[in-house]
Amino acid sequence: MTVNDLCGILSAQKVNIADGNRQITCGYAGDLLSFVMGRAPSDSAWFTVMTNVNVCAVATLADVSCVVICEGSQPMPGFKEKAAEQGINVILTDDDIYTAIKKAVNEGQI
Amino acid sequence: MQDCVHLEYRVDGQNFVSAGSATESVKTFLKGMGVNPQDVRRVAIAMYEGEINMVIHANGGYAYADIYVDKCIITLVDTGKGIKDIDLALQPGYSTASDEVRALGFGAGMGLPNMKKYADECIIESEVGKGTKVTLVTRFD
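Residue numbers (this note's numbering), protein chains in the order written: chain E, 1 to 110; chain Y, 1 to 141.
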C-alpha cells in the first residue's frame, strides 16, 4: 500500500506529501517519542495524536513512510513547515487511532 | 576517502524546534557514505536521544561525530547539572523531565535505555554540578 492509498482509505487530509507513492509495509501507534524512535519500523505508517515539530524529527530519523495524525488533531505552529522542509509524508484523519488502524489493516492489508 | 571525518555541532538548550538537527545532519552524511540503512538508523536513534537529553536537561552542549569506514563514534558533551545516579537513569521508565517536556511527548524514560540498546558501546560519564559526557560507538556491518 502506498501513502496515497492510505490517504484514500482514511479519507484523510494531506498535510504534507513528499512522496505519495512511498510504500507502507507495516504500522506503529504511539505518542511517546522515545518509544516511537526505538520501536517504529522503517517504512511504517506511524499513527499518533502528537503534532509538535519534534514529530517531524522522529519521523525522519525513524524513517517512517508516513505520519498519520489521528483524532483531527491540528498541527502545532511550525509543524507543516518542518514537514515540508524534511520531506515527510503527513496525513490527517478525524478517526481515532484504533479506527484508523482497523481501516488500514482491513482495507490496506498492512 | 580519508581515514576519519570529524563533524561538530552546537546543540541549543531548551530549543525544541532545532532539536534533532545535529542527528539529522549525521544521518544524512552516513547515508551519503553508503552505510547500511540499519546501522544509520541505530546511530540516529542513539544520537537523537542524547541530543534531546542535552536540550531538555543540560541547557544544550556539543555533539561530535567521528566517522570511520567501519564505525561511528558520537560524543555528546554538556556542562549541565549531571546525573546523580546513572544506574537509576538507565532504568526504562525513569525520568526527571518536567510536565512541559512530557507534554511534547518526551520524558518516557527511554532515552538512556535506547542509547544503550542501539549503540554497540554506550559510555556515560557524569559529575553532579559539572556535566555529562556520553560516548556512543556504533560498528557498521
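Don't read these hints as lab results, they were simulated from the structure.
Keep in mind that a hint or two might mislead.
Stated by the list, open to error - The calculated lysine-lysine pairs, modelled on DSSO-like cross-linking and capped at a C-alpha distance of 30 Å, are:
1. K71(Y) <-> K31(Y)
2. K31(Y) <-> K81(Y)
3. K14(E) <-> K130(Y)
4. K80(E) <-> K31(Y)
5. K117(Y) <-> K130(Y)
6. K14(E) <-> K102(E)
As the list claims (entries may be wrong) - Listing some non-contacts, in silico: residues in chain E with all C-beta distances to chain Y over 10 Å:
7. S11
8. N54
9. G72
10. K82
Stated by the list, open to error - A partial selection of chain Y residues facing chain E, derived with a Cβ cut-off under 7 Å:
11. F16
12. A108
13. M110
Even for Gly, the Cβ is constructed at its ideal location relative to N, Cα and C.
Each hint, compared with the structure:
no.: 1; hint: K71(Y) <-> K31(Y); in the structure: 13 Å, holds
no.: 2; hint: K31(Y) <-> K81(Y); in the structure: 34 Å, violated
no.: 3; hint: K14(E) <-> K130(Y); in the structure: 47 Å, violated
no.: 4; hint: K80(E) <-> K31(Y); in the structure: 25 Å, holds
no.: 5; hint: K117(Y) <-> K130(Y); in the structure: 26 Å, holds
no.: 6; hint: K14(E) <-> K102(E); in the structure: 20 Å, holds
no.: 7; hint: S11; in the structure: 26 Å, holds
no.: 8; hint: N54; in the structure: 6 Å, violated
no.: 9; hint: G72; in the structure: 18 Å, holds
no.: 10; hint: K82; in the structure: 8 Å, violated
no.: 11; hint: F16; in the structure: 6 Å, holds
no.: 12; hint: A108; in the structure: 4 Å, holds
no.: 13; hint: M110; in the structure: 4 Å, holds
Violated hints, listed in ascending order, are 2, 3, 8, 10; each of the other numbered hints is respected by the structure.
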